[in-house]
Amino acid sequence: MNEIVEGFSQAGNLIVTLNPDLLQIAALSLYVSLCATILAAGITIPLGGFIHFREFRGKQALITLIQTLYSIPTVIVGLLVYFLLSRSGPLGFLGLLYSPEGMILGEAVLIIPIILGLVITALLGISRNIRDTIVSLGATEFQVILEIIREARFAILAGVILGFGRAISEVGVAMMIGGNIRGETRVLTTAIMLGTGMGEFSLAFALGIILLAISMMVVILMKFISRRYEP
Amino acid sequence: MIRIEAVTKKFGDTEILKTISLKVLKGEIFTLIGPSGSGKTTLLRLINLLDTPTTGKIVFDGTDTSDNEKVRLSVRRRMGMVFQKPAVLNTTVAENVAFGLKFRGVEKSQMESRVHSALDLVGLPDFSKRKAITLSGGEMQRVSIARAMVTEPDVLLLDEPTANLDPVSSEIIENLILHINKELHTTIILSTHDMIQGQRLADRIGVIMDGMIVQVGTTNDIFYQPAGKDIARFVGIDTILKGVVKTNDGGHAEIEIGSALFEAITSIRPGQRVALYIRPEEVTLMLPESGSKKTSARNQLSGTITRMVQLGPFIRVTVDCGTLLIALITRRSCNELGLAVGAVVTAGVKATAIHVIPDSG
Amino acid sequence: MIRMKRLNQTIIIALLFVILTAGVFIAGCTTTSQPVNQTTDTRQKLVLATTTSLYDTGLLNYLEPKFESKYNVDLLITSQGTGKAIELAKRGDADVLLVHSPAQEMTFLKEGYGMNRRTFAYNYFMIVGPANDPAGIKGKTPEEAFKAILTQGIAGNGSIMFVSRGDASGTHTAEQGVWKKAGYDYAKEVQKSGNWYIEAGKGMGETLQMAGEKGAYTFTDEGTFLSYTGKLNIVPIVDKGTSLMNLYSVMTVYAGKPQPEKITMANNFVNWLITSETLTDIGNYGKDKYGKSLFTPMSSGVPAGVTADFTSPATETSPLKVEPAVANGTVPDAILPDAKNV
Numbered sequence: 001m002n003e004i005v006e007g008f009s010q011a012g013n014l015i016v017t018l019n020p021d022l023l024q025i026a027a028l029s030l031y032v033s034l035c036a037t038i039l040a041a042g043i044t045i046p047l048g049g050f051i052h053f054r055e056f057r058g059k060q061a062l063i064t065l066i067q068t069l070y071s072i073p074t075v076i077v078g079l080l081v082y083f084l085l086s087r088s089g090p091l092g093f094l095g096l097l098y099s100p101e102g103m104i105l106g107e108a109v110l111i112i113p114i115i116l117g118l119v120i121t122a123l124l125g126i127s128r129n130i131r132d133t134i135v136s137l138g139a140t141e142f143q144v145i146l147e148i149i150r151e152a153r154f155a156i157l158a159g160v161i162l163g164f165g166r167a168i169s170e171v172g173v174a175m176m177i178g179g180n181i182r183g184e185t186r187v188l189t190t191a192i193m194l195g196t197g198m199g200e201f202s203l204a205f206a207l208g209i210i211l212l213a214i215s216m217m218v219v220i221l222m223k224f225i226s227r228r229y230e231p
Numbered sequence: 001m002i003r004i005e006a007v008t009k010k011f012g013d014t015e016i017l018k019t020i021s022l023k024v025l026k027g028e029i030f031t032l033i034g035p036s037g038s039g040k041t042t043l044l045r046l047i048n049l050l051d052t053p054t055t056g057k058i059v060f061d062g063t064d065t066s067d068n069e070k071v072r073l074s075v076r077r078r079m080g081m082v083f084q085k086p087a088v089l090n091t092t093v094a095e096n097v098a099f100g101l102k103f104r105g106v107e108k109s110q111m112e113s114r115v116h117s118a119l120d121l122v123g124l125p126d127f128s129k130r131k132a133i134t135l136s137g138g139e140m141q142r143v144s145i146a147r148a149m150v151t152e153p154d155v156l157l158l159d160e161p162t163a164n165l166d167p168v169s170s171e172i173i174e175n176l177i178l179h180i181n182k183e184l185h186t187t188i189i190l191s192t193h194d195m196i197q198g199q200r201l202a203d204r205i206g207v208i209m210d211g212m213i214v215q216v217g218t219t220n221d222i223f224y225q226p227a228g229k230d231i232a233r234f235v236g237i238d239t240i241l242k243g244v245v246k247t248n249d250g251g252h253a254e255i256e257i258g259s260a261l262f263e264a265i266t267s268i269r270p271g272q273r274v275a276l277y278i279r280p281e282e283v284t285l286m287l288p289e290s291g292s293k294k295t296s297a298r299n300q301l302s303g304t305i306t307r308m309v310q311l312g313p314f315i316r317v318t319v320d321c322g323t324l325l326i327a328l329i330t331r332r333s334c335n336e337l338g339l340a341v342g343a344v345v346t347a348g349v350k351a352t353a354i355h356v357i358p359d360s361g
Numbered sequence: 001m002i003r004m005k006r007l008n009q010t011i012i013i014a015l016l017f018v019i020l021t022a023g024v025f026i027a028g029c030t031t032t033s034q035p036v037n038q039t040t041d042t043r044q045k046l047v048l049a050t051t052t053s054l055y056d057t058g059l060l061n062y063l064e065p066k067f068e069s070k071y072n073v074d075l076l077i078t079s080q081g082t083g084k085a086i087e088l089a090k091r092g093d094a095d096v097l098l099v100h101s102p103a104q105e106m107t108f109l110k111e112g113y114g115m116n117r118r119t120f121a122y123n124y125f126m127i128v129g130p131a132n133d134p135a136g137i138k139g140k141t142p143e144e145a146f147k148a149i150l151t152q153g154i155a156g157n158g159s160i161m162f163v164s165r166g167d168a169s170g171t172h173t174a175e176q177g178v179w180k181k182a183g184y185d186y187a188k189e190v191q192k193s194g195n196w197y198i199e200a201g202k203g204m205g206e207t208l209q210m211a212g213e214k215g216a217y218t219f220t221d222e223g224t225f226l227s228y229t230g231k232l233n234i235v236p237i238v239d240k241g242t243s244l245m246n247l248y249s250v251m252t253v254y255a256g257k258p259q260p261e262k263i264t265m266a267n268n269f270v271n272w273l274i275t276s277e278t279l280t281d282i283g284n285y286g287k288d289k290y291g292k293s294l295f296t297p298m299s300s301g302v303p304a305g306v307t308a309d310f311t312s313p314a315t316e317t318s319p320l321k322v323e324p325a326v327a328n329g330t331v332p333d334a335i336l337p338d339a340k341n342v
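Protein chains in written order, with the numbering used here: chain A, 1 to 231; chain B, 1 to 361; chain C, 1 to 342.
Take these hints with a grain of salt, some might be off.
Unchecked claim - Result set (DSSO-like, lysine-lysine): computed pairs, CA atoms no more than 27 Å apart in a straight line:
hint : chain 1 : residue 1 : chain 2 : residue 2
1    : C       : Lys240    : C       : Lys140
2    : C       : Lys202    : C       : Lys214
3    : C       : Lys188    : C       : Lys231
4    : A       : Lys223    : B       : Lys57
5    : B       : Lys70     : B       : Lys57
6    : B       : Lys131    : B       : Lys182
7    : C       : Lys287    : C       : Lys240
8    : A       : Lys59     : B       : Lys57
9    : A       : Lys223    : B       : Lys129
Stated by the list, open to error - Where chain A lies over chain C, by a calculated footprint (3+ residues, C-beta under 8 Å):
hint : stretch
10   : 75-89
11   : 124-135
12   : 165-178
13   : 203-210
14   : 239-250
Don't read these hints as lab results, they were simulated from the structure. Heads up, the beta-carbon is just placed ideally off N, CA and C, and yes, glycines get one too.
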C-alpha cells in the first residue's frame, strides 16, 4: 500500500520538476493514442454509416462479427500487425516497425472494432421517423447519411472517447510494434510494464496516475469541443 | 396535379394497398379519411416518394415518378410532408426549419429571411433560437409545418397532423392548413381518421378502407350520400334502415320499412331492396301533440326513447318507433323538451335528408 | 444503380483519408521521431534485441550513448525476452543480438542466422531462497541442491517450492541445464511433477517477486537480484558451481534481406563492445550502485573451462558455411539441453 502513496508523491514530483523523460514519454503516449483514435474514427464513421444504411446479405452476421472482435486479445492484434510490418513481412519496406507510426497503425487496428460497433449502435438509435423527415425534406442519399450521423453525434463521440481510452491504455500492441525503445517508442504503458518488471512499483503507479490525468484532460477537451458545436 | 394509377403496396406477404387509383387536383385540399390501419400513412408515404409502390405508378404534374432516383429526388423536393409524430432534430428551431433549404443548397443570406417568414406563417416568430426538442407537441408540429413550407412546395402532405394534439393546438393547425391553401395556393393532401376534421377542411374527400379507395367525392357526397354501409358508419350515419321500394312517382318514392312507410327521393324502381341512410342530425324530435294520430306519411314516427348518450355538447337519442331512429339533439333542446328515457316522442326526418342506395345485403 | 454512386463516394473519401494519413505517417517514418533534446535525426538506425534480465540491469542504457557518439548511429534497444529477441533476429527485425543463452545461440548460428559471435562477459546465476533454507541446500552443488528441492518438494509438505521462469529465456535455459546435469528429464520429471514446481512464465523481476511472496526457491541472475536488494525476503544460498556460469555473447544478425550497411554497423558494434575500454567499462558497471560489479569482462580473464572468443575482430559479412571446429563460448561440463526442450 505504501507504494501507492509513494506513487502519488512520485507522480507529483515528476510533473512539478517537468522531468524530461516523463514529458517525452507522456507526449509520445498522447501523440500515438490521439492519432490512432483519429485514424480509426476517420475509417469507422463512414464505414459504420455504410454498414448501417445499406441492406445486404450477411449484414447481421457482420455486425455480430464486429462485436465479437471487441474481445480480441491485444496480443493477437499485436502479432498480426507485427507480421505485417516485420522487415520480412509484406509491409516491411515501409519501415514502420519500432516507430510511433507503426504503433499508431497497430492501435488503430485494435480499436476499430470497438468504435465501429458503437457507431453502428449509435446510428441504430436514430428513429425511423427522423430518417423519413430528412428524406422527405429533399436530402440526397449522401445528405441523409450526413444528417443522421450528425443526429447521432453524441453517441458516436462516446464511442470515440472509449476508443481513445482503449488506445492509450494499450500495452501489448505498443510493446510488440514499438519495442519499448527508450527515447523512441517508449510510452507510458510500456514504461509502466518495464518499471513493474524491475520492481519499481512506485514509479509504475506514478506513471499510471499520470496516464489517467492525461486521459481525463483529453476526455474533457473532447466534451468541450462537442459542446462548442451545440447551437 | 397528382395521379395515382393502379398502385398496390405489399410489405412481405401482406398487401397494404390494393389497386388504388386516385387524382388530386391542383390547388385543392384533398382529405383521405379512413379508420386506423386502412393504409392512409402508407399511401401518403408513396406519394411523398419515401417508398416505392409494388405495382402501378404515381405521376406528379406529368412526371412519372417510377423512373430513376434523380427524378424522384427532384419531384420529392417539390413536396413537403408533415408526419403524425413531429420529428424534430436535435438542434435549434431555426436550424430545423432551414434543413430543406440547406439540402437544396440555398445561400446562407437567403436562408435567414425565409426561415423567419416560415416561422411567422405558423405563428412562432420568436422561437428561432429555442432548442427544438424542448417544444410542446403542438409547437413541434407547427415547426414541422414551417419546415415543410419554407421550401415553397407545390404540394403539402400531412399525415394525421393533429392526432396527438389537444383541441386548441388542433384548431390552430387546422386554421393554418386552410390559410396555406387559400393564401399560398398550395395543394394539400391530408389524412385523418377524424371525419369532422375531414369535413371541415376538405374540398374533396377520398375514403380509404382496408387498403382500397371506396369512395371519392365532395364533402356532401361522402357525408350525405355514402356509397356503402361501412362508409356510412364511418362518417357517422347512425341510422341505417333496410326495406323495399313500394312506389316511385317521378323520383318521389315510398319505401316500406317493416310496418312503416318512408318518403324519400330516389330513382330506384319499385320492388328493389334498398338501404336508407339517415344522419342523426337530420332527425328532429318533437313532443307528441295531444290528439295527433300516428302517421306514416312525411316520415313522422312516434316512438319511445330507449337510450340517451352524451356526446360532447350533444345528446344522442335512440328512439324506438318500430324501427330504430337515432337523433342528435343539443342539450338545450333536450332540456327544453324535457326528454328522458321512456318518454314518448315524435321523430321526424325530411324526405330530402334520406339517402337511398340499393341494398346488396 | 445510381444511388450506389453517392455512398461509394463516401467510401472513396474515407479511403483517401486513410491513404493520406498513411502517407503522412510514412513520410514521418523516414525521419525519426524526436527525443526531447535533439534536432531532426538522420543517423543510421541499428536495432539491438536483448533479454530482459540483461536490459533491466541498466548496462545497455549505460553503454548506449558511448556507442552512439562514437559512430553517430541511433541505437535502438528493444528488450522483450530471450525468445522474442531470437524471433526478431530470425525475421530480420534485429541487427544485433545480445543474449545469454549459449545453447540457443549455437542453434541460431547453425541455422545460418548469425555470425561474428563474441562472448564478452560473464557472471553467475544463483539459487536463491528463504533465509531459513527449509530444504537445507546450503553448501551443496547446484545439482545436489536441485535434487534436494525436488525430492522434498515432491514429498509434499508444501513448504518447499521452486519458481521457474518457465519462459524459454536464457535464464530458464540455464536452469534446465542444471536439471539435466542432475540427471533429470526436464519435461517428464520436473515439469508437472507437483505443485512444488511453479512455472511463472514471467520476467526475472516478477519471478523473484513471486518467489519472495511464496517463500520459494528460484534460479536467478545476479544483476536482477541485486537490483531488488532490500525489497524481497529471499537470499542467495547457492552461488558456486560450473553450471551456474552465465555467459553473455553478442553477434551480428544475418537474416531476412541483409543490408551491407547494417551488417557493417553491426560488426562495428561487436568490435566496439570487445575493445578493452568498453570491456573495462562493463567491468566497472554497478560498483557505485551496488558496491560490486555486476559483470566480469572476459578481458579480466576467461574462467576455467570456458572457451570464449572476445578478441578477434568481427569481419564476416555473411555466415561461414563451415561449422566451426570448436564450439565457441559454451559452458564447460554442462550438458546442454536439446534444442527441442528449449
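We went through each hint and held it up to the structure:
A threshold of 27 Å between alpha carbons decides the hint, and for C:Lys240 with C:Lys140 the separation of about 9 Å falls inside it, so the pair holds. With a C-alpha separation of about 15 Å, the suggested pairing of C:Lys202 with C:Lys214 holds against the 27 Å cut-off. A threshold of 27 Å between alpha carbons decides the hint, and for C:Lys188 with C:Lys231 the separation of about 35 Å lies outside it, so the pair is violated. For the hint pairing A:Lys223 with B:Lys57, the CA-to-CA distance comes to about 49 Å; that exceeds 27 Å, so the pair is violated.
Among the hinted pairs, B:Lys70 with B:Lys57 is consistent with the structure: their alpha-carbon atoms are about 16 Å apart, no more than 27 Å. Restraint check for B:Lys131 and B:Lys182: not satisfied, since their Cα atoms lie roughly 31 Å apart, outside the 27 Å limit. Proximity of C:Lys287 to C:Lys240 is assessed by CA-CA distance (about 21 Å); at most 27 Å being required, the pair is judged to hold. Under the criterion of a C-alpha separation no larger than 27 Å, the hint pairing A:Lys59 with B:Lys57 is inconsistent with the structure, at around 31 Å.
Pair hint A:Lys223 plus B:Lys129 holds up; C-alpha atoms about 22 Å apart against a cutoff of 27 Å. Counting residues of the stretch 75-89 of chain C whose beta-carbon sits less than 8 Å from any beta-carbon of chain A gives 5, enough to reach three: the coverage restraint holds. Figure legend: the stretch 124-135 of chain C, annotated as covered by chain A; annotation inconsistent (0 residues with Cβ-Cβ distances under 8 Å, at least 3 required). Requiring three or more residues with a Cβ within less than 8 Å of a Cβ of chain A, the coverage given for the stretch 165-178 of chain C is violated, as only 0 such residues are present.
A stretch counts as covered by a chain when three or more of its residues have a beta carbon under 8 Å from one of that chain; for the stretch 203-210 of chain C and chain A the count is 6, and the coverage holds. Given a C-beta distance limit of less than 8 Å, the hint that chain A covers the stretch 239-250 of chain C is violated, as 0 residues qualify and 3 are needed.
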